[in-house]
Amino acid sequence: MPDPSFVFAQSLSGLTAAMFLFLIASGLSLIFGVLRVLNFAHGTFYMLGAYAAYQFVQWLGVGGGKFWLAALCAAMAIAALGGIVERLLFRHLYGKEELYQLLFTYALVLILSDGAKMIWGTQQKSVSRPPGLTGSSMLFGATIPHYNLFILLLGPAIALTVWFVLQRTRAGRFIRAAALDRETLGALGVNVNALYTWVFVIASFLGGLGGALISPMRATTPGMDTEIIVEAFVVVVIGGLGSFWGTFLGALIYGQVLSFGILFFPRFSIFAVFALMAGVLIIRPWGLLGRPLK
Amino acid sequence: MGLLARVPWGLVILAAAFFVPAVGSRFYVFLANDIVIWALFATSLNLLVGVTGLVSFGHAAYFGIGAYTTGLLMKKLAVPFLLAFPAAGLLAGGFALFFGFFCVRLTRIYFAMLTLAFAQIVWAICFKWNEVTGGEQGMPEIPYPDFDRIAALPLLGGWRTAEYFYFLTLIAVAVCLWLLRRIVGSPFGRMLTTIRENAERAEFIGVNVRRYELAAFVLAGAFAGLAGGLFGIFNRGVFPDFAYWTKSSEVLIMTLLGGMGTFYGPALGALVLILLNQQITSYTEYWPFVLGVILVVLLFVFPGGLAGAAQAAARRLGGARRA
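Residue numbers (my numbering), protein chains in the order written: chain E, 1 to 294; chain C, 295 to 617.
Treat the hints with care, since some could be wrong.
[Said to hold, decoys possible] Here are the simulated lysine-lysine pairs, DSS-like style, with alpha carbons at most 30 Å apart:
1) C:K422 with C:K370
2) C:K422 with E:K117
3) C:K422 with E:K125
It is worth saying that the hints were derived from the structure and are not from the lab.
Turn these sequences into a full structure, and let the hints steer you where they fit.
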């Protein structure tokens, strides 16, 4: 049995990973829930968020809350990009075959991630931690960086905010209605096209924010998008495509399986994660907290 | 038009392909070999996507399994090619049977997701199982098949090993494509198309849809495995990214580019995409960007792919002539 402080550190690192996964996967799940499209490019928005954060930090510096400003600017830039892509291109693919939609999002992956390579090169980019969160604390015998603790608080806060917007605001009600029945909502006089754009914008914002917030923890490199998107797929599939709390649960499960998998079966932790995904799809294709699609 | 249609184009192209080493440089043989193998891979995928209407996002798994099977057998156990090659198809088909059993129970996006999950499992095993697959480093130096006896025959001597392998690939792929063509044209293949058009109606007339879909899945997996077996030798090494999900989308792009509605469309897609890649990478390192743009244009302007566009153009020309 490994010593308890190590187990504690491991589970905490799993939780931190889960918060990031949740940020990314919730956007993916939102787009799927409302637009019925699996957006491969969502991982690329996350990567671009990290690059954009790096860029804004270069321009603004990190001191005195400027990192937070940079992160927010980055997320908003990605949100704008998502909105533009939806308006100009994606819109024309609704109602077409799934294959076309999937491949279009894959084309976006190719274009955007190569575009990022043109701008930022292949060298990894890192951002220093914002002042005030550079230290670390001893908790139950384990050293935990303050930035990680902050993320552990921020993740649930964002989850609650998104949930509140979806459940308690007028726009959120429209979004949920669009997920259930687009035509009826349109017939009731809601501008569904604009709503779809907003869903894409919000989802891209969440993805971009995830990327921006991870930039001080992990170096930003090309290829991080194709990695994260499969992880995000695993999360939304486990939790249930289109289910909000399902995505949160899926992220928690993924984080723990991965960090304890690495502890006990270092060689097969990735295997375990995909096996879990396949298992959920076989037994409950709509996920742990999702509802079957008609 | 009538005369053109009567020409056995498949045989003509095959015969022409045999002359590539005689007229072209080493590089063209390399390119042609690459194209021929990918043509088989893309055509095998089209049996699922185009013919049966099942969108698989994990077809690279079977390509990878085939590549590792042939590679392991030939490199570590010194099994001759004539056994190691069919073994790739058998093992890939076997895995496709196991994975497909679960996949065909799901529909649409869930089907695509499960094929992706299984492919990632295969990738994870190849990536981590160092003792057998060489892990992240892959398995370099897969030997070529032994051509000594063939080279000793009269009239057949004097080629380089890579060129012998190219001839071998041509024959193997031609046989596979002929088989696939027969499968698509058979009553079984027609039933697959019926399922694509309307699975519910097929069920009503008493067809066991799942079983047909599973059969298509296994066949597609087996032929992808054969393509993988050839590719491992051609590539002089087998690597885990053969089974990674981006490979699956590459082959999907080829299929779409050529046109899913026709039998030879995907092979045409392989040809065009590989030639384009070769041309464009000599100008710029940003090939993925160009590929992405091509894909967007394709999706918005030519959703039927090149073959579909050519058919439409031919129809318009024919119509103009008659008018």
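Verification of the supplied hints:
no.	hint	result
1	C:K422 with C:K370	18 Å, holds
2	C:K422 with E:K117	28 Å, holds
3	C:K422 with E:K125	28 Å, holds
Violated hints are absent here; each numbered hint is respected by the structure.
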